[in-house]
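Protein sequences, first through last, are from chains A and B.
Position one of the first sequence corresponds to residue 1 (my numbering), numbered consecutively onward.
Position one of the second sequence corresponds to residue 1001 (my numbering), numbered consecutively onward.
Hint data in this document are derived by calculation from the structure and do not stem from the laboratory.
Where is the CB? At the ideal position from N, CA and C, for every residue including glycine.
It is possible that part of the hints are untrue.
[Claimed, not checked] Just the calculated beta-carbon pair ranges, DEER-fashion:
hint : chain 1 : residue 1 : chain 2 : residue 2 : range
1    : B       : W1024     : A       : F77       : 43 to 51 Å
2    : B       : A1207     : A       : A209      : 32 to 40 Å
3    : A       : S119      : B       : K1218     : 36 to 44 Å
4    : A       : I23       : B       : N1132     : 53 to 61 Å
5    : B       : E1216     : A       : W52       : 20 to 28 Å
6    : B       : R1214     : A       : W52       : 19 to 27 Å
7    : A       : I22       : B       : R1214     : 38 to 46 Å
8    : B       : R1147     : A       : K48       : 34 to 42 Å
9    : B       : R1147     : A       : I195      : 29 to 37 Å
10   : A       : R110      : B       : L1210     : 21 to 29 Å
11   : B       : K1218     : A       : R110      : 23 to 31 Å
12   : A       : L208      : B       : A1050     : 22 to 30 Å
13   : A       : L204      : B       : L1217     : 28 to 36 Å
14   : A       : A209      : B       : R1138     : 26 to 34 Å
[As the list claims (entries may be wrong)] Once the Cα atoms are required to be at most 27 Å apart in a straight line, the calculated DSS-like pairs of lysine-lysine come out as:
hint : chain 1 : residue 1 : chain 2 : residue 2
15   : B       : K1213     : B       : K1028
16   : A       : K206      : B       : K1120
17   : A       : K48       : B       : K1213
18   : A       : K128      : A       : K48
19   : B       : K1120     : B       : K1051
20   : B       : K1218     : B       : K1120
21   : A       : K137      : A       : K206
22   : A       : K137      : B       : K1213
23   : B       : K1051     : A       : K206
24   : B       : K1017     : B       : K1028
[Unchecked claim] Sample of chain B residues lacking proximity to chain A, with all beta carbon distances greater than 10 Å (derived):
hint : residue
25   : L1004
26   : P1013
27   : S1117
28   : N1132
29   : I1140
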Amino acid sequence: MLDFSILTDYMDVFLEGFKITIIASFIALICSFILGTLIAVMRIAPFKPLNWIGTVYVEFIRNIPVLVIVFFTYLAFDFGGMTAGIIGLTVYTAAFIAEAIRAGIMSVPRGQMEAARSSGLTYGQAMKSVILPQAIKIVIPPLGNQFINLVKNSSLLAVVAGGDLMYQGDLISASTFSTFDTYIFVGLFYLILTIPLSFGVGFLEKRLARSN
Amino acid sequence: MDFLAPFIEVLTPDNMKFLLEGFWVTLKVAAISIVLSFIIGGLIGILRYAKIPVVSQLLAVVVETIRNLPLLLIIFFTYFALPEVGIDMEIITAAIVALTIFESAMLSEIIRSGLNSIHKGQIEAGRSSGLNYIQTLRYIVMPQALRRMVPPLVSQFISLLKDTSLAVVIALPDLLHNAQILYAQNGSNVIPIFIIVALMYFIVNYALSLIAKRLELKQA
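Based on the sequences and whatever the hints tell you, model everything.
In structure tokens:
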């Protein structure tokens, strides 16, 4: 039977880690959304060198492990564990978000851009007020999936002493010597975050499928 | 060429051999886990698709739970927590078991949605031409579904290869682990070593993703 005294005795430690996991995932989500949008626009901009930079970024980052990126930011620069972790997660997730956004933009018919341009909008204006608002609808479910991945990947902060849920769980298991029970509780805390998110994403996917 | 000097220093035959040995462990663990999780994930996917009462629901709960947990937690759990209940594994076994548990759940979802994408009329047609349910799955549904599953399966394999790096936390002597040993000897080597490590992962994964893209184009 699970030893619930671990949960009650170390509640504040669990919650501290839980808080950092949420904060880190949230900051990384916002930053990688901004960076990802930028890269997606670079990849489809009518200027070849920008396309190349965007493509190289996406293809390179998507094909290397996120742990390599997190270690690199932690060791090569003088950041604390949490900052290095958030930067590493942002760099990694931005590549996936860029692809999701690019797919969304490509799904808007070409005629929309042509119509916007011929009514006198610049490329940037047309992108911002015509294309992106339509693309966002298609982009939201994959974005949700990326957020779930981010919450799960934020556990890598533990490897660089980032103070997240996994890290605190390690500390608790080291002082209680009941690794089994502690990890089960850590898992439950993660599920509190990820299960509602996956249901939300599933719901959005179904609704969007119906509206199309 | 000051920029290249640190690379030349790191790229000695001994160091490269050491890194490649690590990469060999990475590839081996990934390959074994891919095969095992394809078998287990396939079985789970088919059982859930067949909607066998109780079994399907039970599997749904297990799959959703595992999919929503961080892989790092599963690796830690397999290696550090399971010995408390008498299941003691060597590092490499623990790494393979943890990866297989996690990726089976992921693959089962790909396989289930691949099967679901085949029109119900196909099954009805198969059944009315005298095949039983298993035969219909085997000869009608599976061949069509497998073709659709190939691109997501390959991307999941790429994920698995990347995820293998997480086993460094239980000291699996993989590529990242050997890289850590090298830069521990000389701290100024961190950046060149990480770039070499990233390139090794990139070459293999990018090749895989090109194959996936080609397969996708062939289908379209």
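Tested hints:
Checking the proposed 43 to 51 Å range against W1024(B) and F77(A) shows it is violated: the Cβ atoms sit about 31 Å from each other. The supplied range of 32 to 40 Å is met by A1207(B) and A209(A), whose beta-carbon atoms lie about 34 Å from each other. Look at S119(A) against K1218(B): about 40 Å separates their beta carbons, and that is inside 36 to 44 Å. Between I23(A) and N1132(B), the C-beta spacing of about 55 Å keeps the proposed range 53 to 61 Å intact.
In this structure the hint that E1216(B) and W52(A) lie 20 to 28 Å apart at CB holds, the actual value being about 22 Å. Separation of R1214(B) from W52(A) is about 21 Å and conforms to the stated range, judged on CB atoms against 19 to 27 Å. One distance hint, 38 to 46 Å for the beta-carbon pair I22(A) and R1214(B), holds here, with the actual separation near 41 Å. Restraint check, R1147(B) to K48(A): a C-beta distance of roughly 35 Å satisfies the suggested window 34 to 42 Å.
The hinted window of 29 to 37 Å between R1147(B) and I195(A) holds, with their beta carbons roughly 32 Å apart. For the pair R110(A) and L1210(B), the beta carbons lie near 27 Å from each other, so the given range of 21 to 29 Å is met. Taking the beta carbon of each, K1218(B) and R110(A) are about 25 Å apart, inside 23 to 31 Å as hinted. Evaluation of the 22 to 30 Å hint for L208(A) and A1050(B) yields a pass: the beta carbon distance comes to about 28 Å.
For the pair L204(A) and L1217(B), the supplied restraint of 28 to 36 Å holds, since their beta-carbon distance comes to about 29 Å. The hint said 26 to 34 Å for the Cβ distance between A209(A) and R1138(B), and at roughly 29 Å that hint holds. For the hint pairing K1213(B) with K1028(B), the CA-to-CA distance comes to about 24 Å; that is within 27 Å, so the pair holds. This hinted pair checks out: K206(A) and K1120(B) have alpha carbons roughly 19 Å apart, not beyond 27 Å.
About 22 Å separates the Cα atoms of K48(A) and K1213(B), which keeps this hinted pair within 27 Å; it holds. Only pairs whose Cα atoms come within 27 Å are accepted, and K128(A) paired with K48(A) is accepted, the gap being roughly 20 Å. Straight-line distance between C-alpha atoms of K1120(B) and K1051(B) comes to about 14 Å, which keeps the hinted pair within the 27 Å bound. Using a Cα cut-off of 27 Å, the hinted pair K1218(B) and K1120(B) holds, with the two alpha carbons roughly 25 Å apart.
Annotation: proposed proximity of K137(A) to K206(A) holds, straight-line Cα distance about 13 Å (limit 27 Å). At roughly 25 Å between alpha-carbon atoms, K137(A) and K1213(B) fall within 27 Å of each other, so this suggested pair holds. The straight-line distance between the Cα atoms of K1051(B) and K206(A) is roughly 20 Å, inside the 27 Å bound, and the hint therefore holds. A hinted pair counts as satisfied when its Cα atoms are at most 27 Å apart, and K1017(B) with K1028(B) qualifies at roughly 16 Å.
For L1004(B), the shortest C-beta to C-beta distance to chain A comes to about 18 Å, beyond the 10 Å cut-off, and the non-interface label holds. The beta carbon of P1013(B) sits about 23 Å from the closest Cβ of chain A, which is more than 10 Å, so the claim that it is off the interface holds. S1117(B), annotated as away from the interface, keeps every beta carbon of chain A farther than 10 Å; the closest lies near 13 Å. For N1132(B), the non-interface assignment is confirmed: its Cβ lies about 32 Å from the closest Cβ of chain A, beyond the 10 Å cut-off.
The beta carbon of I1140(B) is kept farther than 10 Å from every beta carbon of chain A, the shortest such distance being approximately 25 Å.
Checked against the numbered hints given earlier, this structure breaks only hint 1.
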